[in-house]
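Protein chains in written order, with our numbering: chain A, 3 to 279; chain B, 3 to 279.
It should be emphasised that the hints constitute simulated quantities derived from the structure, not laboratory data. Errors might be hidden in some of the hints.
Chain copies aren't distinguished; within one or between two, either way the pair holds.
Quick list of in silico lysine-lysine cross-link-like pairs, DSBU-like style, CA-CA up to 30 angstroms [to be verified]: (1) K4 - K136; (2) K197 - K133; (3) K40 - K121; (4) K180 - K72; (5) K133 - K205; (6) K205 - K136; (7) K40 - K205; (8) K4 - K205; (9) K197 - K40; (10) K180 - K133; (11) K180 - K121; (12) K133 - K121; (13) K136 - K121; (14) K72 - K4; (15) K136 - K72.
There are 2 protein chains.
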Amino acid sequence: MKVAFQGEAGAYSEEAGHDYFVSAEMIPCESFDIVFDKVFSGECQSGLIPIENSLAGSIHHNYDLLLRHKLHIIGEYYLRVRHCLISFPDAHLAGITHVMSHPQALGQCDGYLRNLGVKTRPVYDTSGSVKMLKDSGERNTAAIASKRAAEIYGMQILEAGIEDNPENYTRFIEISPKIVAPEGDVKTSIVVSLKNIPGALFKALSVFALRDIDLTKIESRPQAGKPWEYLFYIDFLGVVNEESVRRALNHLDEYAIMLRVLGSYTRFPLDTFKPLA
Amino acid sequence: MKVAFQGEAGAYSEEAGHDYFVSAEMIPCESFDIVFDKVFSGECQSGLIPIENSLAGSIHHNYDLLLRHKLHIIGEYYLRVRHCLISFPDAHLAGITHVMSHPQALGQCDGYLRNLGVKTRPVYDTSGSVKMLKDSGERNTAAIASKRAAEIYGMQILEAGIEDNPENYTRFIEISPKIVAPEGDVKTSIVVSLKNIPGALFKALSVFALRDIDLTKIESRPQAGKPWEYLFYIDFLGVVNEESVRRALNHLDEYAIMLRVLGSYTRFPLDTFKPLA
């Protein structure tokens, strides 16, 4: 099985893929658009893309791609992002004077790096920083990336979990051209835009509340190019073809300009998450 | 009047400050934490910070800082982010082979830069890239930053508005230790976490819908360190001390674990925005 992801070998998306799929060939892609293309064309059976991060929020661009393509969400996975300080195997922490990585990773380790008293250098991506380090031969420089990036390039992890905020996780979704019947505890993701009528949002949420359907996410987003309309990202517990959900979505459609079901899929058993209510 | 902002001279936050305040001394700060400190200590009368971007979403870190500090939102401003390609005054577009900027700015101009066929180089911030360019003396390199950054460093704007998506704006808020009575059309921002009771979110929104109070934003966010609770960011139209809003918030408090009013302030007259419903 081939699974497309955005980034280079050793990226956090690849790490998530290795955790989530028992065995799959992870195919690196330059952009998320290419991930969607490879899945849509059948070159890859699935794609694994980040959809939100606990610190940085929802990845709007990937929601946009989901709306533009006829692919389905068929699974989800939460990756706890653990940044590692990576060096040559014969380098020592005491000798590190420079650290390079993607600016977001550098920012998420800011407290740690200040303590270390090192200079930082921004580069394009986390795993790429390990590759650049390897090519440079520098023993006084370290990179920040995933554990997997260290393994791939045969480098040493000087310290793991150096992020300032331990509550750093990224939610990934598996996308596929085929619908797969989900098992167990199921979540459904939809995107909806509402008619401009009084109390539209309240009415929209009533279709779930009146049927005791629990929400796990709601987010409003002003729409690019349609300044008078908002998009809503909504996740709820339940499968799209069960009676109460079917009725709720039919009911929601009465208030909607656009309603798109992105998919029903087995909920990741993250016991640190539960319904919004 | 002194206003603290995060970034260097020429940053988009400074540009927003120059638009929003008729005359104010904009004080650059290394981090958002320092902005809050300077405002809290009285060293600056106000701070101007970004709170959400139309492409990148809400800036959770700044919501966290609002919750940790006793400061009030007393105003808002929307900045249309227009990236400029900036070079030495005697350089020509045809001779540009390299472009440097913050990776987010490079990403937002990806299509334009591909067309141009240039190599890109990530650096720490947009205005800093203009400063670095000036120091380097390179005529074959351009930077991507605000119009203001070009002015400050006496550089040339080769092309303005080079971002791929024109719907790129950032919402800024003014923070102050003092409450200011807002005039005209007023918005109120709150953060609330809800008790784990069935239909809690629906009940929470009913306190507004039942009183015909329009929402302009709602977003759920899992809480760092409190995995069983969600935070909600809610903006609505109305001022905190008017009867219906007072009653709505008292009502909301019945379902809340934590309820914090961040401030009531004059709504920015952006005619491209209107209530969610």
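We went through each hint and held it up to the structure:
no. : hint        : in the structure
1   : K4 - K136   : within (28 angstroms within a copy, 47 angstroms between copies)
2   : K197 - K133 : neither (50 angstroms within a copy, 48 angstroms between copies)
3   : K40 - K121  : between (39 angstroms within a copy, 26 angstroms between copies)
4   : K180 - K72  : within (10 angstroms within a copy, 51 angstroms between copies)
5   : K133 - K205 : neither (52 angstroms within a copy, 52 angstroms between copies)
6   : K205 - K136 : neither (57 angstroms within a copy, 56 angstroms between copies)
7   : K40 - K205  : neither (39 angstroms within a copy, 43 angstroms between copies)
8   : K4 - K205   : neither (42 angstroms within a copy, 45 angstroms between copies)
9   : K197 - K40  : neither (35 angstroms within a copy, 44 angstroms between copies)
10  : K180 - K133 : neither (36 angstroms within a copy, 51 angstroms between copies)
11  : K180 - K121 : neither (48 angstroms within a copy, 38 angstroms between copies)
12  : K133 - K121 : both (19 angstroms within a copy, 19 angstroms between copies)
13  : K136 - K121 : both (18 angstroms within a copy, 22 angstroms between copies)
14  : K72 - K4    : within (19 angstroms within a copy, 52 angstroms between copies)
15  : K136 - K72  : neither (41 angstroms within a copy, 47 angstroms between copies)
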